[in-house]
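There are 2 protein chains.
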Amino acid sequence: MFESAEIGHSIDKETYEREVTELREALLEAQYELKRQARFPVIILINGIEGAGKGETVKLLNEWMDPRLIQVDSFLWPTDEELSRPPQWRFWRRLPPKGRTAIFFGNWYSQMLHARVNGDIKDSRLDVAIDAAERFERMLCDEGALIFKFWFHLSKKQLKERLKALEKDPQRSWQLSEIDWLQSEVYDKFVRYGERVLRRTSRDYAPWYIVEGVDERYRSLTIGRTILEGLQAALDVKDRPRRQPHAAPLVASLDNRGLLDSLDLSLALSKDQYKTQLAQEQARLATLIRDKRFRQHSLVAVFEGNDAAGKGGAIRRVTDALDPRQYHIVPIAAPTEEERAQPYLWRFWRHMPARRQFTIFDRSWYGRVLVERVEGFCPPADWLRAYSEINDFEEQLVEFGIVVVKFWLAIDKDTQYQRFKERESIPFKRYKITEEDWRNRDKWDQYVDAVGDMVDRTSTEIAPWTLIEANDKRFARVKVLRTLNDALEAAYRKDK
Amino acid sequence: MFESAEIGHSIDKETYEREVTELREALLEAQYELKRQARFPVIILINGIEGAGKGETVKLLNEWMDPRLIQVDSFLWPTDEELSRPPQWRFWRRLPPKGRTAIFFGNWYSQMLHARVNGDIKDSRLDVAIDAAERFERMLCDEGALIFKFWFHLSKKQLKERLKALEKDPQRSWQLSEIDWLQSEVYDKFVRYGERVLRRTSRDYAPWYIVEGVDERYRSLTIGRTILEGLQAALDVKDRPRRQPHAAPLVASLDNRGLLDSLDLSLALSKDQYKTQLAQEQARLATLIRDKRFRQHSLVAVFEGNDAAGKGGAIRRVTDALDPRQYHIVPIAAPTEEERAQPYLWRFWRHMPARRQFTIFDRSWYGRVLVERVEGFCPPADWLRAYSEINDFEEQLVEFGIVVVKFWLAIDKDTQYQRFKERESIPFKRYKITEEDWRNRDKWDQYVDAVGDMVDRTSTEIAPWTLIEANDKRFARVKVLRTLNDALEAAYRKDK
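Top to bottom, those sequences are chains A and B.
Each residue of the first sequence is one higher than the last, beginning at 1 in the UniProt record's numbering.
Each residue of the second sequence is one higher than the last, beginning at 1 in the UniProt record's numbering.
If we strip away everything but chain A, and leave its shape as in the complex, we get:
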């Protein structure tokens, strides 16, 4: 879920200064239009890792916008008055009126997260708090509110570096109380429970935006632009927005560096390396599937990727290791008539493996947020809600003991071009290339955005995405097999 926020986004000074001038002007204008229309309030929630720039960002927003129209609340210590009333009262009394903006810093999410991290509450109490938060936000959005939820993220490594830098800076070393965060257990817990909260409360009408906190310029511009675009879209909707889905779950990354760009596509294996490693991993898989601990599990592998990225070949290398009775391949094409008469996920549920079975999905339920999104086969409201429906779905699988492994096979545009041309020239491969493949290629950038969003919103601790560098087919096939094996072993270890 935090993948895209660990790749070291950054914006150079010149770009930043140029963009900020425009952004500030546009933000102010939107703010005055919000006040003029006075049709709905804006609520901005600030959450995430300590030390990732939450405080600085709030300060900046106050500088950029008209502070008379913004109120900032941090909800640190409840007052006596607040303590003598139900806990929700403090939030209610601070709600901004229509036409105004509130920044809630240390809000309902901070409270439940700290309680869980400290061990004051257990998972089921956390889930109850999550549910209450969701109801509250749903009500607010039904009443017209526009809610932005920002999660500031740093990888553990990034956090360490940041703290080291702080130490050296005498003017800011007082902030080192944040050093608590270095205690790796706290960081890990915070990220783990944070992910649970984000997974369950990211809704089309109030999605979480995850922001990488390392580069101040990148961070600030991202927040500013997200607010601006969301606000402008809401101001343009003339009818009162009732639980309006946000225009897009994520703004395209500002530095044009998406998750896919961060892959090292030059990774490759020699023929000899390939031969040895493939044989090793295939033997490992065969053993792991025959292991008696597999009786308590089943395995679901999802293969997605660019056209011509080598999904078919990778799947074949997996199944080569196995007895045909041990696996089942489900190729996903256009839905049948029967499937169209059912809710979207129905056609995947019907193929769910029983215990001790292995099902391979050649393309999958992610079609909704990939091809259906890009081609406009379904309205935005449908693919926007799909992220959380898919997370719910995979959670149900994993809770039952199914091991879910998801692959995105990534190649670059040149490699795809070469493979397309090759397919056209080799008679027995010609059936693999169609006009549609060339058309999809024209939408390369849109797919890049869609894949980035997909991974950010559905790569979870319980069912993570694995990005496969697939320019070299040998490297890709071995990495796929190894990932499957590692996932099975991890599941067996947890059984103990």
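For identical chains, the list gives no copy identity; a pair is met inside one copy or between any two copies.
List of simulated lysine-lysine pairs, DSSO-like, C-alpha gap at most 27 angstroms:
hint, residue 1, residue 2
1, Lys-122, Lys-496
2, Lys-292, Lys-496
3, Lys-494, Lys-122
4, Lys-122, Lys-189
5, Lys-429, Lys-275
6, Lys-168, Lys-156
7, Lys-157, Lys-189
8, Lys-473, Lys-413
These aren't lab readings, by the way, just hints derived from the structure by calculation.
Fit chain B to the given chain A structure using the hints.
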């Protein structure tokens, strides 16, 4: 929550036979139209008390409608195939396709309820299951499904009588396995947890319909008519219904006997009785409010009722007992400008008492489902969602220790007429009667429906409604005071 389903509804044979003929024809027609449009599926959930006619009703629906287009599933014992997959799989595989109807008997609600009643799970696990059910239904409705949820109810007394009757009937005495239900603990638990489930999962797009199970004819007609009206409304919406709110939360009671009709408005106190009892109850209240246990609580009293039902007088008799520093009266009129700029419940939250305070609301948050509904001041989607928002709200109050007491002061139409006339003729009372009061009176029947729905949907174990027979002012005032006192004592008892 079950109030309206314990008043002994019944339909005579002649009416029944006349209505059934029409109903069956219309149901068949709607069913064929559903098949022809094939735009959405219909899912009917059957839950509630054993012995309240669930099985008979399902049998009847199958008789009335075309059984080729209905599938009935009872989900009693999972098969081996089902046990080897995630628990949700069994429901997914049974979902009806667009154009068809499924009746789910023993569904996800039965499972969570039985687990809770048997003590297999605790409240927080129940809440997690409730939340999962809500997500599942939301997804289904987002995908277009039309869901009806029926809860069959019998009061404990009704259940006992029904079982006695069964015992005497040799042909049906085999059904006496239901006698388990007589064990009062099981019944009580089932109703208590059932209420929790209903309160949290009744949503405008998938509300619960509570059906009194005593009279077979009443029960059957109610179910049939609810399905027919809901189905017809959905078939008429030309756009694909996406989480469409149901047309009305409840059909008006078929035998024209609502909850309010079941009140005995002849209840009265003589002057002497009044004097004695009023003094007693006032003294009791004064003591209870001064009790040191009140420090852990606060008290919220809501007064609603017909115009001229005597709310003001009743409130005065309450406050007469107290020091003015001990209470606060909040009269609710049209919202101020500041209040209109906030979510609906904001103007009530702002008046929530701190611990050891007592706040009296003269009219309240129920305005949304009363005057705003009847006068059309807000669209149906808004007042429909208000029921669950209000339940959430009151739950937050009660969880904090606030004692919430809600009164509906009921008079009959003649009494109201006399009081209006009296007010017009007495100079110092003339200000209390306006044109608007006369206009409201014209909508008497609509208010009766609205009050019935309100009580059914928001009278909960934690914050029940008390209906006050108010034709006799003396009786009403004493009953109000006594109810307040009883509620405080009950709260103190629970503290231990």
